[in-house]
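**Q** Given next are the chains, with one letter for each unit.
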Amino acid sequence: MNRRSRRKVLIFAIVFGVAVATVLGLTAFEENLLYFYSPTQVKAGEAPATHSFRVGGLVVDGSVKRAPDSLKIQFDVTDNAESMTIEYTGILPDLFREGQGIVAMGSLQADGKFVAQEVLAKHDENYMPPEVAAALEASGKSVKGATEHKPQGAAY
Amino acid sequence: MIPELGHFALIIAFAVAIVQSIVPIIGAARNQAALVSLARPAALTQLLFVGLSYAALTHAFIVHDFSVLYVSQHSNLVQPLMYRISGVWGSHEGSLLLWSLILSLWTVAVAVYSRNLPEILMARVLAVMGMISTGFIAFMLFTSNPFERIFPVPLDGTELNPLLQDPGLAIHPPMLYMGYVGFSVAFAFAVAALLGGKLDATWARWSRPWTTIAWSFLTIGIALGSWWAYNELGWGGWWFWDPVENASFMPWLVGTALIHSLASTEKRGVFKSWTVLLAILAFSLSLLGTFIVRSGVLVSVHAFATDPARGVFILAFLVVVVGGSLALYAWRSATVVSYGRFQWFSRETALLLNNIIFLTAATAVLVGTMYPLVVDAFGVGKISVGRPYFDTMFALVAIPLLLLLGFGPAVRWKGDSWQRIAKMTSIFFVVSLVAGLLIPFLVEEKLNLSTGLGLAGALWVALTTLKDLLSRLTHSLKLPLSYMGMIMAHFGVAVFVAGVTVTMTYSEEKDLRMEPGSSYNISGYEFRFQGTRKVQGPNYIADEGVIEIWSDGEKSGELLPQKRTYSGKSNPMTDASIDKTFTRDLYAALGEELESGAWSMRVYYKPLIRWIWLGCILMTVGGVLAVSDRRYRQSVKQTSAKKVPVTAGV
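In order, the protein sequences belong to chains A and B. The working numbering numbers the first residue of the first sequence as 1 and each following residue consecutively. The working numbering numbers the first residue of the second sequence as 157 and each following residue consecutively.
Next up, chain B with everything else stripped away, as it sits in the complex (with noise of 0.2 Å):
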């Protein structure tokens, strides 16, 4: 009954999207107040009715209602309770009732807090955001229903995928869709703004904290997916290149050139038009993105064969979405006049740059991730892509960017001197740069180029971040949280790429054949095997090794890596063991037992790999002080009648 009753509210909340898509438009074009008004209430409507529906789904995983086709799918009976609760976005179907709820947060959220905004303005907002629900509930009634019922009701369901059951990856998605969604609200205020003809500095001072707030959950999901990758998968990696990850990685690299150009919007009136196209960009890649995890197109093209309602159904959408909004865009960016003059060396040429390079890095992405998938679906062959393109691509454009954070952030706005800036960095340049090539050289007693130069680029942004937040606090002591913000989240790339050059030239991993009581030296670090136990889970077995950890002739450690056995699951699992501390990791898997009590087995140490998830973690605490700035909070009437002075940060 209750799985009905969150079908029927699905059913309602998709004709409440409607009338939230359609009414509140005709209204601001009419200039019917009463129809503006209706936005605010539908979109709180369609949230009850969205919510009632996914608390439906939920209950049904939470009681074990097997007769509903997809909870028999993704759960079983000796799930623990929280893996019940997280299954429900653990497939397709799930995952975009999630979705749409997320979006009915935000459309709420936006309605509640934007209060101060033009009524007209809001309802064109609301109703856009209405659309793109409208879709989701669609895709979801008439193609992929979560709560289709099975018959026979089968005693016990198929367990969730045992790599799913991570606390890592249990928030993953819900984090990583705040992002992906998020970024609909910068995409509802400009096409809003488009279709109102109305884009001037406040459009972008309006959609610059939504937009910074969906990147900071953005950039904290993609980190959590590379952290439970790294924990889970046995693998050691934390970033694979997989088409999975490079699906929310495209819309990360066009929202952090969005959130840069908006800062230009905002501040000087410029790149107007261009800020409108990245709004649409990041948002269609979000789309794109979760059509491409969750269609099944990654599996086969011929998914689509095999199931063409939803194939139809998920171009269809795209083509509307993207070609409707850039369409539009066509049409009316022609009247977007930027009134700010700027000279060739001003921080607007800054941000500029930094546009060009994001997005030559998600084109470069969006290459390598769509091309195997458009040669196949033409039938001319299977190819995919390897590994070494896509870091050679991000060496190259690390190299102009992290050479422009440096100073991009100390040039003024409108122009400056360029002499200025080359007296107050060049220092630091020539330090970082010198110390950079010499750390390589003295651990290696060779020169190390690209390692010289990643810890160089580390070092430059680090130390230009922390001058900058210096010469700031020698005038005065309280400071922008926007400003902190930056100082933040750029301090973050630094602490990232440190991590990131170090990790990959310094690790050392090694496969081992290791019998009861042997060991092995790695990096100073003695692995002692003593052997393995048996291990019960709450739904597994497992054999577990223990592994001695010495160094300098003392145990300093212990790691525990087990081999499982899921409960229904004929497949063992690997669970690894990590001992971390913050300058290195040192991590063992199980590979399989041989004979006689050996196994094989990979062992890892791994320097500096915390601070890649530390930079991560920097750069979503620098996007959420951004966003708590007071400035945002201020009412519109205040805020467009004293002229922001120009040095308050980005």
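Excised from the complex, chain A in its bound form (with noise of 0.2 Å):
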């Protein structure tokens, strides 16, 4: 191969390259968009029945079950409209508590539970979880002053 034509080549392999990786990533990209609903939605049955997805709202007072031999704990979220169960094994975040607004992500099983892999709190106690907040709008419920609010501090 003479100059010019291996430059080719190397030009080919770069393109190749990046578009091999471009592909891959939005395949990717593609499979790990996590939509957010409220429960609201999720009753209206707006949720993919397969996919999972990520949920929120405050947590019901009154709601929080726990088993009495595991780690397995149940509580109810609410966007003042509607409310959903969601059913969760492990350990809460710090923040965790009820009428606090949380975010889970998890999937809806056959029998509309919902089962989260993951509850998150935010770092700060006076936070709230901003999709919460649209959702908590949204239902025409919103706690007053929950979206003015700026955290301080918690944004490392």
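No wet-lab data here; the hints were simulated from the structure. All C-beta atoms in this analysis are idealised placements derived from N, C-alpha and C, irrespective of residue type, glycine included. Check each hint, because a few of them may be wrong.
Said to hold, decoys possible - Pair ranges (Cβ atoms, derived):
1. B:K711 / A:G45: 55 to 65 Å
2. A:E118 / B:Q575: 49 to 59 Å
3. A:T27 / B:L261: 26 to 36 Å
4. B:G713 / A:S107: 22 to 32 Å
5. A:D69 / B:G713: 21 to 31 Å
To be verified - Distance condition first, Cα-Cα at most 25 Å in a straight line; then the derived SDA-like pairs of lysine to any residue:
6. A:K43 / B:G713
7. B:K690 / B:S663
8. B:K570 / A:L10
9. B:K725 / A:K43
10. B:K736 / B:G713
11. B:K725 / A:R97
12. A:K65 / B:E748
13. A:K65 / B:S726
14. A:K43 / A:F96
Assembling the complex is the task here: the two chains are given apart, and the hints tell you how they should meet.
**A** In structure tokens form, the structure reads like this:
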């Protein structure tokens, strides 16, 4: 091969490599997009039945139930219009408590129960997950001031 | 009174910054020495006033001046002194002030250490840095004043988020900012060179040490953040692909591409305009990172709507800096000619491939981080990008990168024969591939391709790097520091990859319900839970769990995880306890008290996790070594007169 055709091969190889990376990347991206649904949307059947998604709301007072001999825990979240039950096994974050806004990631089971793989409550106790704030707003029953609140120092 | 002085000092600094950004540029354009020579004193004066302003805010924190809103929001009477000092950068306003202070420090460092730079170029560099400073100080003065007073004065303040009360985190932001802001030097050199229309190899020589040292700070800053998350958050992970982490990782990726591209430009005069573009990109991403983290946009893009002044200012500033420099680039870069010629198989090509790989990685992170924000901004929906996306992308990028890293540094500039390289490295390739695939096979008794490839990659990089070092040592025992730095950093990559691979595959973690007296076995270690006791800290009370570690019938250690309740906060905080050794960590974190002394808790076994940070430390030290090379301290006249031998390392 002379210099010109070698350079062509090199450029082709680079373009090909980047193209492969892009295709694989976009596929991985598509598969890992997690959409957020409020309990109202889930009740209305808008959430995917097979794919993982995120759901969030306020933990309903008095709804937290623990299994006596395992780490299984069950609680309800609400957007103040509808509520739904979430099941989780493991240790909940420090900021989890009744009345607190949380986001759970998981999927719906055949019996309609939402089983979470991950439950998030952010670093700051005054913080409202933005999705939850928006969901509360959408249901028309927002906690006053929730969306205007700026988190303090929890930004790392 | 002192806060007002601080505010006033900031206003003076603002005026000085404006002078610093305009006058030297005019002087350079008209060739007026008096105006040009104003740059240095202006930079020093600015540092003085920003420093005074910063000292005033720190003073307010130390003496508990709760009449300052920012102080009252981020400190209280029982907060230890160390965290009152670090509380200055605990949130938006103060961290901007720290940013400005560090920018002034870098500016003065350039003014002091680059005495042999041509006056005109120096004036332009300092002026560009002055412009950035003007933007930041204006942002503070007009939208985020840290000295704002509050009336009535509260008796006590709100405590700094207890999560941030950790030595690792206290120094994490300053390190990160040293890196972010350090890229402004490379940026300023690039813009100054574009303004002057003179982009030669000496330009690369001048900006190289600055870029490398900034990169070192950024590396250690990111590592500290990861270390903190591991120690403090109680989740046992070391990287979460959180937007905040990604914001610091993007400039790192582009910065890494930049230090490699600068090597080509300095040594061979190639890829000049590409290098300039990378310098602009690295700093733009630093700015983007600062603002993503600090503006509240992550909390909600609608934070922009509730506080339009900040949002509009940020967007305008980004548009001016990024758009302006790119426009200048588009206008001027056409005149830049790269004179170096090279064959397809050469060091130049290897470094070009390095750049492509790093930019691909940076793009992947950028897409995953920004896409949810854009979707949200357009009101289309609320989405997030799952961690597997990032993991997949980085596994994809790592394969070609590690492969390249094994032989790239051995390839000669201008052109080399691939047969020579193949002959030199094929043995290592075979050895590392076989050994890498064999190790997981011996451990699990089945083939584990991804772990095997990860280990093979680490071995391949480690072996070829050592081989390169040894063959150099046979020629001469005195190797240049810049070369030693490269070896150190590349070896750090191998250590890092080994740590990541092993930790990701062989960690064991378990959420448990433990009663006092019960025990649990994990990877040959027995965790015996003895119960909890009450502990009083300086500003918290805690339940402390006592867990004995037994292995081979002997007690080998004790873990004391805590659940703390800080004064003034209603929610508890987890403080994990970790038994650390070079080869593995044992980790325990308390969940919550269930009943009758039983606790939920999380225990981990994490093999080689220390290697992840060790790798980062090696990379950082590598950067520092490279900068200490004496050729950067030789005067410009000397070095430009004598041609540097091409073989003197990267």
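**Q** Sort out whether A:F96 lies within 25 Å of A:K43, counting only the CA atoms.
**A** Holds, because 23 Å separates the two Cα atoms, which is no more than 25 Å.
**Q** Would the hint linking B:K736 and B:G713 be met if the CA-CA limit is 25 Å?
**A** Between B:K736 and B:G713 the Cα gap is close to 10 Å, so the pair holds against 25 Å.
**Q** Verify the CB-CB distance for A:D69 and B:G713 against the hinted window 21 to 31 Å.
**A** The hinted range 21 to 31 Å holds for A:D69 and B:G713, with Cβ atoms some 29 Å apart.
**Q** If you check the beta carbons of A:T27 and B:L261, does the distance land in 26 to 36 Å?
**A** Violated - the Cβ-Cβ distance for A:T27 and B:L261, about 45 Å, lies outside 26 to 36 Å.
**Q** Quick one: are B:K711 and A:G45 within 55 to 65 Å, going by C-beta?
**A** At roughly 56 Å between Cβ atoms, A:G45 and B:K711 fall inside 55 to 65 Å, so the hint holds.
**Q** When you check the alpha-carbon spacing of A:K43 and B:G713, does it fall within 25 Å?
**A** Status violated; Cα separation ~51 Å.
**Q** Are B:K570 and A:L10 close enough, with their CA atoms no more than 25 Å apart?
**A** Since the Cα atoms of B:K570 and A:L10 sit roughly 15 Å apart, the hinted pair holds (cutoff 25 Å).
**Q** When you check the alpha-carbon spacing of B:K725 and A:K43, does it fall within 25 Å?
**A** Roughly 35 Å between the alpha carbons, so the hint for B:K725 and A:K43 is violated.
**Q** Assess, step by step, whether the Cα of B:K725 is no farther than 25 Å from the Cα of A:R97, and give holds or violated.
**A** 14 Å, holds
**Q** Can you tell me whether the CB distance of B:G713 to A:S107 sits inside 22 to 32 Å?
**A** Cβ of B:G713 to Cβ of A:S107: about 39 Å, so the range 22 to 32 Å is violated.
**Q** Hint check: A:K65 vs B:E748, CA-CA at most 25 Å. Holds or violated?
**A** Answer holds: A:K65 to B:E748 is near 14 Å, not above 25 Å.
**Q** Within a Cα-Cα threshold of 25 Å, do B:K690 and B:S663 meet the stated pairing?
**A** Outside the cut-off at roughly 31 Å; violated.
Consistency with the previously given hints fails for numbers 3, 4, 6, 7 and 9, ordered from lowest to highest.
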